Structure formats: structure tokens, C-alpha cells
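Below are the chains, spelled out letter by letter.
Number of protein chains: 2
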Amino acid sequence: MEEKKECETSEDCQSCGQSGSCSEDDKQAHRDQMLKENLSRIEHRIMVMSGKGGVGKSTVAANLAVSLARKGYEVGILDADVHGPNIPKMLGLEKEKLIGTAQGMLPIPLYPNLKVLSMAFLLPNTDAPVVWRGPMKHGVFQQFLGEVEWGDLDYLIVDLPPGTGDEPLSIAQLIGQVDGSVIVTTPQEVALLDSRKAVVFSRMVHVPVIGIVENMSGFKCPHCGKEIDLFKVGGGEKAAVELQVPFLGRIPLDPKIVQDCDRGQPFVAANPDSPAAQAFSEITDRLEEFVLHQEKAGPKASSSEKKEKAGRVSKFKEMLK
Amino acid sequence: MEEKKECETSEDCQSCGQSGSCSEDDKQAHRDQMLKENLSRIEHRIMVMSGKGGVGKSTVAANLAVSLARKGYEVGILDADVHGPNIPKMLGLEKEKLIGTAQGMLPIPLYPNLKVLSMAFLLPNTDAPVVWRGPMKHGVFQQFLGEVEWGDLDYLIVDLPPGTGDEPLSIAQLIGQVDGSVIVTTPQEVALLDSRKAVVFSRMVHVPVIGIVENMSGFKCPHCGKEIDLFKVGGGEKAAVELQVPFLGRIPLDPKIVQDCDRGQPFVAANPDSPAAQAFSEITDRLEEFVLHQEKAGPKASSSEKKEKAGRVSKFKEMLK
Chain A
145 MEEKKECETS EDCQSCGQSG SCSEDDKQAH RDQMLKENLS RIEHRIMVMS GKGGVGKSTV
205 AANLAVSLAR KGYEVGILDA DVHGPNIPKM LGLEKEKLIG TAQGMLPIPL YPNLKVLSMA
265 FLLPNTDAPV VWRGPMKHGV FQQFLGEVEW GDLDYLIVDL PPGTGDEPLS IAQLIGQVDG
325 SVIVTTPQEV ALLDSRKAVV FSRMVHVPVI GIVENMSGFK CPHCGKEIDL FKVGGGEKAA
385 VELQVPFLGR IPLDPKIVQD CDRGQPFVAA NPDSPAAQAF SEITDRLEEF VLHQEKAGPK
445 ASSSEKKEKA GRVSKFKEML K
Chain B
145 MEEKKECETS EDCQSCGQSG SCSEDDKQAH RDQMLKENLS RIEHRIMVMS GKGGVGKSTV
205 AANLAVSLAR KGYEVGILDA DVHGPNIPKM LGLEKEKLIG TAQGMLPIPL YPNLKVLSMA
265 FLLPNTDAPV VWRGPMKHGV FQQFLGEVEW GDLDYLIVDL PPGTGDEPLS IAQLIGQVDG
325 SVIVTTPQEV ALLDSRKAVV FSRMVHVPVI GIVENMSGFK CPHCGKEIDL FKVGGGEKAA
385 VELQVPFLGR IPLDPKIVQD CDRGQPFVAA NPDSPAAQAF SEITDRLEEF VLHQEKAGPK
445 ASSSEKKEKA GRVSKFKEML K
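First to last, the sequence lines map onto chains A and B.
Counting in our numbering, the first sequence runs from 145 upward without gaps.
Counting in our numbering, the second sequence runs from 145 upward without gaps.
Accuracy of the hints is not assured; some may be wrong.
Since the list gives no way to pick out one identical chain from another, each pair is judged satisfied if it fits inside one copy or across any two copies.
[As the list claims (entries may be wrong)] Listed next, the in silico DSS-like pairs over lysine-lysine satisfying Cα-Cα at most 27 Å (straight line):
no., residue 1, residue 2
1, 239, 382
2, 400, 370
3, 382, 370
4, 364, 400
Hints in this document: simulated from the structure, not taken from any laboratory.
From a predicted model like this one, the values you see are computed outputs, not experimental measurements.
With the hints as extra help, turn the sequences into a complete structure.
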């Protein structure tokens, strides 16, 4: 049997001139090779999960990505919610469309060092539902990870839809080595019930749990300043202790977050001094610590690569001042 | 070719003594037959959907079912959120387990005329995630609809997980003739974006849209009584006008709803005089009107069946007094 050569094109199989003579197996092998090459340029891969929807998972994912970018890192954010892709709307990119090049699709830049990819960029209009079963979603994730020109990234933040079904399974399987998962919950018991499932799921697929974020935690009346017991407080921290995973912090409910999401401006950039932005900043620090601690345990990058990365980080910090 | 006889057992294929000699095709035909028989005893089938999670879809589904039961109807509620099954917790049934009999599984009764079925009743503990792809979920829905002894129902309310993927597709396909869908949203734009997709989806699968419910609509500080602009007001109604579907009503945000959900007591039963319960009651009336209007357009039940049903309804009304 003739030994298979690695495919030499950097083009995906729909745009490659040689694909007519390739078998389905050849094409899959080429896709896997492109995926592997793309992933090798992404230093840290983080999954943002929740058991339940509507706990602010996308808000947390978007603001974590913006916080990391503001610290100077090269960041990508992959909106893996195919049916309800809200990241573009939250970041003011809802009118953008993906552009394909011979080298692959280009993600949409929010800042020079923050790139965004979402199903929303491929839809004909914002009302169009994506009526797909699991295998179709797996296929699109393979393209989003393997055939998109992400370039060199320090962090890829994947915003997953709620639940423990096809999407998180496909993402965990395609990425292979995920650094860790951030589990977002609100403090009320019904949400905690599902978040605990997300922690167990993360362990099942061998993704370390970076920790639990308690969102919409506590609320003060903007008129009289008194505390309102809306979704309660402290449930996320209690769950973290019980499940023996780190607690990353609590983000207070702030109507400005809802308004900023609707207006498409990243909250942490628009209100850097608010208590909620402060909370995001502390959570980002803990995420960085976790990742650095992991690196110490088993360094991935060589010293010359680290030096190059340090230079890149300070260049972006300069640009964002 | 020998003509196939209908299977005469009312048992599912895992419990039937003859199944050893049946082919896979026979078994599937038997499952389809059981599904058809079960569905023929359910007068109205309603899907409760949302594009986005966390908008209170399960809360609306549970309280609609309780409202209908309190009006004397025979009601079933199917929790079709396999990954985050919260209906049992909301109705105080979280410790219940399904019991299998030769005639099928028995749903759990909340009232004599309100039966509940959920994946939660099959899990070893509340932390256990269900890590399933779509085909597994399709299989369990086939069982939940075909091999569960629902009996005669006036209404089956199906609480779907968010999105337009495997679950709503499977449910729409298995039930076949769905009377209509109730789309739940919150007023903020990010949620509306996804709810509009749910409306388009419903039309795509030929399920009439009964209307949009605007949940968490408006909020008054419990201390100073002033209006707080948390998730805004009116977005759901605006979307209904734009998409030309009925608007079913708005439910104000009430911290008591969160508390009651966590405590496992149905809000509309515990606080019948609150503005939110009033809103649920009006929405239930509109649902009934829709269904009666549909019946007039093409009556399903004979007059003797209607008489029997009327008798059953008044019997339950008596019991619930």
C-alpha cells in the first residue's frame, strides 16, 4: 500500500484545486491536519460553560476575553452557541460578515489583539434560526477551529451553549487538550443544580475545572440603595466548596451590564471602575494564575518563544493605552 | 410477502416476552404504534420554547400546567430538557423516581390531574450530568411519549430546552401534530434576538405560534416601590407585532417566583392574588381561547367525547376547591 503523504495545501478541501482526486478519508485526514496545525498556535484553550442558560455565560466569556486583551494578550473568542449566537451583538459586531480567503476564513477583529468568531457572522439575517442536529454542529466546529485563520493566540475562549450535550462534547473532542473550564452560575438553587452537573461533566471529559463564577450575585436598588434579594447570594461559593473546585468570584447584578450588552459595548471597557468590572478583573487574574501554575507544572513553550510572546504582549499593552 | 400484523402487546419491547423473535424493524414499528396510541389520547399538545436559556421558560411551562390543572383539566407536563431538567425541583418532586410497570412507566402525579415526567426522575443523583448526543435524546423522547402511561390528557405541555437543535426537532417530529408553541422571552434585546429565531423555527416545522410571553417584564423595588429598569419592558410585545404573532402577556419580575421555584412550590398556587399570578391566569385564558378556536376550525372530538370530558373537568374542579 502506498504511504500517505501529508497534504501540502493550506487551503480547506472546498477551496483546494486538488480535492477532486482525494478520497473522503484523505479529506478528513487533511481537515485533522489543519486543525492540529491551527491548535498548535493557540497557547491556552478555555471553555466557558454553564449547566443552565441565561446565567450570563456569554457576558462572562465576552468580558473575560476583553479583560485578557486589555492586559495585552492575543485573544480569540469562539461563540460555540450555534442556535443562539449572542457574542457579536454583545460586542457591537452584529452587522459583520465572515470573509473567506484562500488561507481560510478570517475571524472578525474587535481590537487588533481580540478576534471573534460566531455563527451569527454566517447568517443571512438575525431572525434566521439554525435548525441543525449534532453532527452538523460538529462539522461547523471543525471548520471554526481548523479552517479559520486564528493566527498565534495566547488565549482562545470558547463560549459554549448551556447543557452537556453535543456542543461541549464536540468542542472537548476537537480541541483535545483544553486548559480548563470556567463554570458560570447564578446563586439561585435551580441554576446551581445544573452548574453542579457542568462541574461533573468537565471532570468526565478530563478538562480541569478552573473554578465557579457566581454571576448576578446580590443587587442594590439604584433608587434607595437597599439590598434586594433577587437571585440570592453565596450559592456558587457553597457549591464550589462542596464540589472541591476553586471559587473565582462573584459579579453583582448591574442593570448597566444588561444595557451595555444590548448596546454592544464591552462592559469592562466602558465601566472600568464599577464593582462588577472590578470583579471581572479579579476573576481574570485568577484565570491567569491558574494557567501560569499549569505552565510551571509542565512548560509548553521554549524560552525563545516566551521572549517573543512577552514582546508581543507589551506591544499590545502600549496600543491600548 | 407475509403481511405484517399489528403487535398485540401493550408492553414496550424491553419488557415484552415475544421480542426475542422480532426484527429491529418490527420493534420500531411497535414503538411507532405505541406512540400513536398514546398520542391519540392527548387532546392538545403545546410546546413551550425560547431561543435563549434563563428567560424563565420552565417557570412559565410549570405555572401554565398548574393553572390549567387548577381549571380542572387533565394535564401532563413533559420536561424535555435532558441536560438541565428543572421542572421536578420547581414542583417539589425532585426526590421522586419513575416506576416501571408492565404497561409502561408511570409519570409522577403532582395533583390527581397533573402528571409530570422528567429525565431527573431517572438520574442516580442530582449532580449526574446526562452526556448524550442527539440520537440518544431522540430515543428517550420516543420512550417518554410512547412508553409512558399518560392516560387521557386534555393538555400535554412540553418544556423544551433553549435553541433550535435536536430536542425541538425530535419533539416536533415525534408528536407530529402539535397544536401550537408558546415562545417565552425577556424584554432585553439579546434575549429577543433568539426568541425571534424560535418564532421562525416554529413556522418552519409547521407548528402554529400561539404567542409570545414577555417574562421578567418590569420590576419594582420591594423597599421603595420605585420602578427599576433591569431587563427593560415591552420588547416582547414589539417583537410579537413585528413578527405578526399574538402577544400573550407580560409577567413582572417577582423575587417570590425565584423563591418559590427553589422551594418547589408552584407560584400560581401559592400566590394566586399576586400580579404575576394574575398575568399567568390571563395567559392561560388566551391559550385556552387559541385551542378552542382551533377546535372550532376543525373539531377533533365527538359530542359524546366532549360530554365525557366536561364531566371530568368539573370533577377535578370540585376536588381542587
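Hint check results:
{"no.": "1", "hint": "239 / 382", "in the structure": "between (41 Å within a copy, 21 Å between copies)"}
{"no.": "2", "hint": "400 / 370", "in the structure": "both (17 Å within a copy, 17 Å between copies)"}
{"no.": "3", "hint": "382 / 370", "in the structure": "within (24 Å within a copy, 32 Å between copies)"}
{"no.": "4", "hint": "364 / 400", "in the structure": "both (13 Å within a copy, 17 Å between copies)"}
The structure shown violates none of the earlier numbered hints.
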